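Student: These are the residues of each chain, in order.
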Amino acid sequence: MSAAGPSPSSSPSLAAAEGAALGPRRSPAWYAWRRFLAHRLALPALLTLVALALASICALLAERALGFSAADIDLLARAAPPSAKHPLGTDELGRDLLLRLLYGGRVSLGVGLAAALCAASIGTALGLLAGYYGGRLDAFLMRLADSVIALPLLPLLIVLAALDPTKLGLPEEVARSEAASLYRIVALIALVGWTTTARLVRGATLSLKAREFVRAAEALGASGPRIMVRHILPNAISPVIVATTLSVGNVILLESVLSFLGLGIQPPMPSWGNMLTGAQETIWSAPMLAVWPGLMIFVTVIAFNLLGDGLQDALDPRGDVKM
Amino acid sequence: MIAFLVRRLGESLVVLFAMSFAVYGLIGLMPGDPIDLMISADPNLTPADAERLKAIHGLDRPLVERYWSWLTAALTGDFGYSRGFAKPVMEVLLPRLGNTLVLMGAAFIFAFCIALPAGVAAARRPFGVTDSAISLFAFAGISLPPFWLAILLIILFAVTLGWLPAGGMGGGGALDTLQHLVLPVMTLTFASIGGQIRYVRSAMREALRQDFVRTARAKGLSETRVVYGHALRNAMIPVVTIMALDFGTLFGGALITETMFGWLGMGKTIYDAIMGNDYNLALVGLLLATVTVLLANLLADLAYGWLDPRIRLS
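Respectively, the protein sequence lines represent chains A and B. Each residue of the first sequence is one higher than the one before, counting from 82 in this note's numbering. Each residue of the second sequence is one higher than the one before, counting from 12 in this note's numbering.
The shape of chain A in the complex, shown without the other chains (with noise of 0.2 Å):
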């Protein structure tokens, strides 16, 4: 409009004319909101992820509203085709289909975010000791991470997942319990997952460092545990937020891997990926049984991607977005 030509009365006073020509101020907050809407797709990715969040957790209100649990076996209806009393059908052993993958959305969902968060934060803490200390502790470290990201992944993680914890000490009401197989793939993905941000993490504490705000602190006294988590963390969390995010997806597709060949989580607990070790059993009788738990993972998967797509456009843009 600004552009249609100058206004006939061209004696407002000066400025007024700037406050029109730079509009009302805005926060940053409103600005990342903005770029996070233009990316079209992350703000339903988000309400998706929502939606089957509140979902999951309502799994315990579906069952009443059912009348029957996740884990009742009918063996007089196996793979039954979806009805009135199993919107989705039945599965190899005559559980509800529907209730058992509201129930993997709480194991997968909750793994995913569970590890990523833990892998996001041991890498996050070596970041900043390797880009804040330097020396020997960064070479060993970058090293560390550049062997984790150079070795086959996936063949390792079935090797740590195959092992006998009672071998590794842990008592066995402790090993055996139904909650271990939770716990240890949490663990293992987030051994293996804190090098992508441990690098980010060091790259920024090390451009960080040398900023006069840092500087001032140091000058000030403030101690190195104190500069790292007051000054450097809160300037170095957006990409952190991003890659955690994205790597949610990655998690979630791992830990559908590991539970599908038998060494994630463990039945009858079930999770998408153990759902389908079943399925795949009954491919030539019950095909629908393979298609469902799969979905669920995808959509799942895709919607985290967008997410961190979207929120890279938000918080880390680097004049490469559309505006």
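Calculated directly from the structure, the hints in this document are not laboratory data. Honestly, I wouldn't trust all of these hints.
[Unchecked claim] Using C-beta positions, here's what the derived DEER-type ranges look like: (1) B:R94 with A:Q347: 49 to 55 Å; (2) B:N55 with A:Y264: 23 to 29 Å; (3) A:F149 with B:G69: 51 to 57 Å; (4) A:A260 with B:N55: 36 to 42 Å; (5) B:P54 with A:A260: 34 to 40 Å; (6) B:G109 with A:A110: 53 to 59 Å; (7) B:M12 with A:V255: 50 to 56 Å; (8) A:Y264 with B:D60: 33 to 39 Å; (9) A:V255 with B:N55: 48 to 54 Å; (10) B:G69 with A:E254: 30 to 36 Å; (11) A:S288 with B:R94: 52 to 58 Å; (12) A:A134 with B:A59: 56 to 62 Å; (13) A:E259 with B:R94: 27 to 33 Å.
[Claimed, not checked] Just so you have them, the derived chain A footprint on chain B, three or more residues with Cβ under 8 Å: (14) 25-33; (15) 56-64; (16) 147-155; (17) 241-249; (18) 266-272.
Quantities reported herein were computed from a predicted structural model and do not represent experimental measurements. Think of the CB as a built atom: it goes at the ideal place given N, C-alpha and C, for glycine as much as any other residue.
Based on the hints, put chain B in the right spot on chain A.
Tutor: Below, chain B alone, put in the same frame as chain A:
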């Protein structure tokens, strides 16, 4: 250049050495050692016999000592026997390494031949309709669980249409083998294509922003020559490198694909060996896979220096 090569080879050897020790130690933590298996197979075996057997096989010695005798034997080319196949492990592994390389090579070539033009087309008009469609496809590619894709392909082509075998290696000549290769190669191609498109697209966008591209346009070169002759050649440098670095991921994809389709490659062999308590086979297989991946990384570094004369390897 020579110094660089020597240093990188040295680093790779250190990683390999650390890896072999770690895996050797981890294998000992797996459920069921060889003597346990003998006990479960023969109820007449007394605990005293078991102790004696452990002493004969050296299982009562400390880990470092056992590792050292394994390593010295391995360095002379003796990698031991596979329990499940009753053959030297290398005799089992080498043909299967060949099968894996066939699968990975075919998938890589197909993926690359599709990803290159797709990534270039997406980068030419960023955020246009073409780019949006291609980028969404790439996102779908990286988000699709490969084992689920394999199941879907089996449902479509083997169960419903009956056109292709659902798995196995085939044994009736070249055509039969090719038929058995179609679905695994499709799976692995699709599993790697999304990442490749994204690499090509972002490298091309970077290259198209450079001054030499503006110069080429100002000279009046055709857009095709600017894009393919000038920008793409420079974009290929990071793309080739990152793809070689991705070799480990591709190997993971191959493991899943081989397991799904019963293709007798390295990945399936390692997986079966771990699940079937054939630990020596798993150990050597894992190390062989590591050597392959480390070699690919080394090649990536060398290719980087060769493709980009501005970079001096030192």
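Student: Confirm or reject each hint.
Tutor: Against the structure, the hints:
1. At about 25 Å, the CB distance of R94 (chain B) to Q347 (chain A) disagrees with the hint of 49 to 55 Å.
2. N55 (chain B) and Y264 (chain A) have their C-beta atoms about 40 Å apart, which leaves the hinted 23 to 29 Å range violated.
3. Range check, F149 (chain A) to G69 (chain B): about 56 Å between beta-carbon atoms, so the 51 to 57 Å window is met.
4. Distance hint check for A260 (chain A) and N55 (chain B): the Cβ-Cβ separation is about 40 Å, which falls inside the suggested range of 36 to 42 Å.
5. For P54 (chain B) and A260 (chain A), the Cβ-Cβ distance of about 35 Å falls inside the hinted range of 34 to 40 Å, so the restraint holds.
6. Range check, G109 (chain B) to A110 (chain A): Cβ separation about 56 Å, and the 53 to 59 Å hint holds.
7. For the hinted restraint 50 to 56 Å between M12 (chain B) and V255 (chain A), the CB-CB distance of approximately 54 Å keeps it satisfied.
8. Remark: the range hint 33 to 39 Å for Y264 (chain A) to D60 (chain B) is upheld by a beta-carbon distance near 38 Å.
9. About 35 Å separates the C-beta atoms of V255 (chain A) and N55 (chain B), a value inconsistent with the hinted range of 48 to 54 Å.
10. In this structure, G69 (chain B) and E254 (chain A) meet the distance hint of 30 to 36 Å, their C-beta atoms being roughly 33 Å apart.
11. A C-beta distance of roughly 53 Å is found between S288 (chain A) and R94 (chain B), which places it inside the suggested range of 52 to 58 Å.
12. The hinted range of 56 to 62 Å is satisfied by A134 (chain A) and A59 (chain B), whose Cβ atoms lie roughly 58 Å apart.
13. Checked against the hint of 27 to 33 Å, the C-beta distance between E259 (chain A) and R94 (chain B) comes to roughly 32 Å, which is consistent with it.
14. Counting residues of the segment 25-33 of chain B whose C-beta lies closer than 8 Å to any C-beta of chain A gives 3; at least three are required, and the coverage claim holds.
15. For the segment 56-64 of chain B, the assignment as covered by chain A is violated, since 0 residues bring a beta-carbon within under 8 Å of that chain's beta-carbons and 3 are needed.
16. Coverage of the segment 147-155 of chain B by chain A holds in this model, with 6 residues showing a Cβ closer than 8 Å to a Cβ of that chain against a need of three.
17. Coverage of a stretch by a chain is defined here by at least three residues with a beta carbon nearer than 8 Å to that chain's beta carbons; for the segment 241-249 of chain B and chain A the count is 0, and the condition is violated.
18. Only residues whose C-beta sits within less than 8 Å of a C-beta in chain A count toward coverage, and the segment 266-272 of chain B has 3 of them, enough to reach three; the restraint holds.
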